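Kindly generate the complete structure, drawing on both the sequences and the hints.
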Amino acid sequence: MIGGGWYPIFVREMLLFRRKLLKVGYLFSAMIVPIVYLLTFGLGLGRSVRMQGTDYLSFLIPGLVAMSSMNNSYSWVANALNLNRLYFKTFQIFVQAPIKSSAIMIGEVLAGMVKGLFASGLIIIVGFASAPGFSLTPLFAITLLLNCFLFASLGVITGMITKSHEDTATYNNFFMLPMAFFSGTFFPVDRIPEVLRAFVWIFPLTHTNVAIRKASFDSTALLSLGVLLLYAIVFFIIGSRLIKNYSE
Amino acid sequence: MIEVRNISRHYGKIEAVKNLSFRVDRGSVFGLLGPNGAGKTTVIKMLTTLSKPDSGKCFIGGFDVVADALAVKSLMGVVPQENNLDRELTAYENLLIYGMLHRVPDMAEKIRSCLSTVDLWDRRDSVVMRFSGGMQRRLLIARSLLTEPSVLFLDEPSIGLDPQIRRQMQDVIRKTRMDGRTVIITTHYIEEAEALCDRVGILAKGSLIALDTPDSLKASVGEHIVEYVNGDGKLIQHICRDRGEAHTIAQSQDCCVTIRESNLEDVFIKLTGERIE
Numbered sequence: 001m002i003g004g005g006w007y008p009i010f011v012r013e014m015l016l017f018r019r020k021l022l023k024v025g026y027l028f029s030a031m032i033v034p035i036v037y038l039l040t041f042g043l044g045l046g047r048s049v050r051m052q053g054t055d056y057l058s059f060l061i062p063g064l065v066a067m068s069s070m071n072n073s074y075s076w077v078a079n080a081l082n083l084n085r086l087y088f089k090t091f092q093i094f095v096q097a098p099i100k101s102s103a104i105m106i107g108e109v110l111a112g113m114v115k116g117l118f119a120s121g122l123i124i125i126v127g128f129a130s131a132p133g134f135s136l137t138p139l140f141a142i143t144l145l146l147n148c149f150l151f152a153s154l155g156v157i158t159g160m161i162t163k164s165h166e167d168t169a170t171y172n173n174f175f176m177l178p179m180a181f182f183s184g185t186f187f188p189v190d191r192i193p194e195v196l197r198a199f200v201w202i203f204p205l206t207h208t209n210v211a212i213r214k215a216s217f218d219s220t221a222l223l224s225l226g227v228l229l230l231y232a233i234v235f236f237i238i239g240s241r242l243i244k245n246y247s248e
Numbered sequence: 001m002i003e004v005r006n007i008s009r010h011y012g013k014i015e016a017v018k019n020l021s022f023r024v025d026r027g028s029v030f031g032l033l034g035p036n037g038a039g040k041t042t043v044i045k046m047l048t049t050l051s052k053p054d055s056g057k058c059f060i061g062g063f064d065v066v067a068d069a070l071a072v073k074s075l076m077g078v079v080p081q082e083n084n085l086d087r088e089l090t091a092y093e094n095l096l097i098y099g100m101l102h103r104v105p106d107m108a109e110k111i112r113s114c115l116s117t118v119d120l121w122d123r124r125d126s127v128v129m130r131f132s133g134g135m136q137r138r139l140l141i142a143r144s145l146l147t148e149p150s151v152l153f154l155d156e157p158s159i160g161l162d163p164q165i166r167r168q169m170q171d172v173i174r175k176t177r178m179d180g181r182t183v184i185i186t187t188h189y190i191e192e193a194e195a196l197c198d199r200v201g202i203l204a205k206g207s208l209i210a211l212d213t214p215d216s217l218k219a220s221v222g223e224h225i226v227e228y229v230n231g232d233g234k235l236i237q238h239i240c241r242d243r244g245e246a247h248t249i250a251q252s253q254d255c256c257v258t259i260r261e262s263n264l265e266d267v268f269i270k271l272t273g274e275r276i277e
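Which chain is which? The protein sequence lines are B and S, in order. According to the working numbering, the first sequence is numbered sequentially starting from 1. According to the working numbering, the second sequence is numbered sequentially starting from 1.
None of these hints come from the bench; they were simulated from the model. Accuracy of the hints is not assured; some may be wrong.
[Said to hold, decoys possible] For lysine to aspartate or glutamate, the following DMTMM-like pairs were computed, each having C-alpha atoms within a straight-line distance of at most 20 Å: (1) S:Lys175 x S:Asp25; (2) S:Lys52 x S:Asp64; (3) S:Lys110 x S:Asp122; (4) S:Lys52 x S:Asp68; (5) B:Lys89 x S:Asp86; (6) S:Lys205 x B:Glu248; (7) B:Lys244 x S:Asp64; (8) B:Lys20 x S:Glu88; (9) B:Lys244 x S:Asp54; (10) B:Lys20 x S:Asp125; (11) S:Lys57 x B:Glu194; (12) B:Lys100 x S:Asp179; (13) S:Lys110 x S:Asp25; (14) S:Lys18 x S:Asp54; (15) B:Lys89 x S:Glu88; (16) S:Lys18 x B:Asp190; (17) B:Lys23 x S:Glu88; (18) B:Lys23 x S:Asp179; (19) B:Lys89 x S:Glu82; (20) S:Lys110 x S:Asp171; (21) B:Lys23 x S:Asp86; (22) S:Lys52 x B:Glu248; (23) B:Lys163 x S:Glu82; (24) S:Lys57 x S:Asp68; (25) B:Lys20 x S:Asp86.
[As the list claims (entries may be wrong)] From chain B, some residues computed to sit far from chain S (all C-beta separations above 12 Å): (26) Val11; (27) Leu27; (28) Phe28; (29) Val33; (30) Asp55; (31) Gln96; (32) Ala129; (33) Ala141; (34) Thr170; (35) Val195; (36) Trp201; (37) Ile202; (38) Ser219; (39) Leu222; (40) Leu223.
These numbers come from a predicted model, not from an experiment. Ideal placement from N, C-alpha and C gives every residue a C-beta, glycine not left out.
Structure, rendered in structure tokens:
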């Protein structure tokens with residue numbers, strides 16, 4: 001894959017990730033937000049609510065998987081890249097290595113995907129244990145992978161353009177947080193006021209939530225997958241360009 | 001080996017490097033000497049592909065640093081001024097990742113050799129954040145040598161090192177030169193520049209104000225300095241062409257006088273009127 005220059009970057013991230021996994025606090029922090037939502041909305045509200053013809057928990061779990069994969073793929077890459085570029089300066093060794101900018105991009109994105117998939121995996125385990133209607137389909141897996149890829153790519157963009165670590169929190173508050181709540185994670189987007197609905201369909205997470213809940217590859221699912229793929233390609237190209245044009 | 005042609009670099013309104021040109025021959029040690037803020041690190045960043053010049057060109061081994069960046073990157077090793085080691089990884093892992101990025105053959109053996117050179121082999125499995133500042137700088141040097149680079153850049157390598165380790169590092173630089181490789185070093189330690197460099201460029205406020213061998217630079221200002229403290233408590237310095245002139249001046253003073261050989265700081269003071277801090 002583009003000369004294999006991505007592999008050392010991926011290995012580095014995995015070495016760092018392995019160290020984090022050995023810390024109890026990391027596992028807890030990766031799970032805490034979705035578990036709180038699960039307990040509040042799923043086990044609390046969910047007992048008396050049905051959504052799209054299924055019990056609420058079975059509706060909610062795929063949304064939480066989408067949200068968790070988004071947050072973890074994005075945040076890990078955005079924060080790590082920002083810190084490595086501005087404070088720890090470790091990004092310099094990638095820039096000074098004889099590898100292409102696309103290889104740096106691939107390494108970072110794949111590492112972000114692993115972290116997103118890991119966090120999603122924890123929710124999926126909880127889903128199997130608590131939601132009787134929850135199941136994994138090929139469409140679910142493809143959507144999840146695409147979601148992780150595009151948000152890890154978006155994480156690279158944020159990590160490359162932010163001018164301080166505080167900036168990443170600003171992006172989080174203005175873009176990621178509204179997306180997490182208004183993109184159909186907790187309720188279908190057709191329940192959002194019509195004025196806002198057009199905006200909501202711009203969010204990639206909305207299309208992830210549509211596709212990840214579909215049982216088969218129907219036209220709606222394919223359209224959403226197409227939108228996700230388009231976002232993924234655009235974000236990947238922008239991220240690669242930012243790395244290529246990097247200058248201190 | 002290295003050719004810099006009229007490069008300039010701005011940061012906002014600040015002109016960090018102004019129309020700089022110099023050449024460095026293969027197998028030599030070239031020093032960039034100057035006070036903090038003179039533009040030394042900016043020059044190194046441009047030569048090592050971290051920063052792009054606003055104008056001008058740099059060539060390493062015949063390759064354009066901007067247009068043929070990948071070819072340039074495979075020739076160089078860098079010891080940066082700011083520590084860019086992965087603090088959460090071990091010493092071994094830091095070199096492993098670096099070696100993988102640069103596709104170093106026989107990696108295990110080379111990592112062992114580089115870590116042994118800087119006396120860190122026994123600490124290879126320690127996480128870098130537990131290393132002292134001096135150990136981290138030694139690890140940076142080991143990492144830069146892993147690829148056996150044709151050109152080695154060292155940006156203020158002696159900062160924070162105790163004298164013993166500084167000497168150890170200087171030995172590594174001398175050995176690198178003896179292996180036929182080119183070394184560019186920035187420093188504001190006068191003795192270091194004099195001890196190591198075949199040629200020295202003196203930078204002040206982004207401009208190269210002198211460029212020659214250390215001996216020629218010193219000869220250009222006068223080989224001896226007479227120093228004494230006058231009645232007002234001020235340090236007075238006379239630059240003299242030879243020892244005879246120095247003795248004549250010394251004998252004319254009725255206070256305690258020191259005669260010493262000139263150094264590169266005297267050159268800097270003569271050229272700029274300021275000291276290297």
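Going through the hints against the structure:
no.: 1; hint: S:Lys175 x S:Asp25; result: holds (17 Å)
no.: 2; hint: S:Lys52 x S:Asp64; result: holds (12 Å)
no.: 3; hint: S:Lys110 x S:Asp122; result: holds (15 Å)
no.: 4; hint: S:Lys52 x S:Asp68; result: holds (13 Å)
no.: 5; hint: B:Lys89 x S:Asp86; result: holds (9 Å)
no.: 6; hint: S:Lys205 x B:Glu248; result: holds (19 Å)
no.: 7; hint: B:Lys244 x S:Asp64; result: holds (16 Å)
no.: 8; hint: B:Lys20 x S:Glu88; result: holds (10 Å)
no.: 9; hint: B:Lys244 x S:Asp54; result: holds (16 Å)
no.: 10; hint: B:Lys20 x S:Asp125; result: holds (17 Å)
no.: 11; hint: S:Lys57 x B:Glu194; result: violated (57 Å)
no.: 12; hint: B:Lys100 x S:Asp179; result: violated (30 Å)
no.: 13; hint: S:Lys110 x S:Asp25; result: violated (27 Å)
no.: 14; hint: S:Lys18 x S:Asp54; result: holds (10 Å)
no.: 15; hint: B:Lys89 x S:Glu88; result: holds (13 Å)
no.: 16; hint: S:Lys18 x B:Asp190; result: violated (61 Å)
no.: 17; hint: B:Lys23 x S:Glu88; result: holds (13 Å)
no.: 18; hint: B:Lys23 x S:Asp179; result: violated (45 Å)
no.: 19; hint: B:Lys89 x S:Glu82; result: holds (8 Å)
no.: 20; hint: S:Lys110 x S:Asp171; result: holds (19 Å)
no.: 21; hint: B:Lys23 x S:Asp86; result: holds (18 Å)
no.: 22; hint: S:Lys52 x B:Glu248; result: holds (8 Å)
no.: 23; hint: B:Lys163 x S:Glu82; result: holds (18 Å)
no.: 24; hint: S:Lys57 x S:Asp68; result: holds (12 Å)
no.: 25; hint: B:Lys20 x S:Asp86; result: holds (14 Å)
no.: 26; hint: Val11; result: violated (7 Å)
no.: 27; hint: Leu27; result: holds (17 Å)
no.: 28; hint: Phe28; result: holds (19 Å)
no.: 29; hint: Val33; result: holds (24 Å)
no.: 30; hint: Asp55; result: holds (43 Å)
no.: 31; hint: Gln96; result: violated (6 Å)
no.: 32; hint: Ala129; result: holds (33 Å)
no.: 33; hint: Ala141; result: holds (30 Å)
no.: 34; hint: Thr170; result: holds (22 Å)
no.: 35; hint: Val195; result: holds (43 Å)
no.: 36; hint: Trp201; result: holds (40 Å)
no.: 37; hint: Ile202; result: holds (34 Å)
no.: 38; hint: Ser219; result: holds (45 Å)
no.: 39; hint: Leu222; result: holds (39 Å)
no.: 40; hint: Leu223; result: holds (40 Å)
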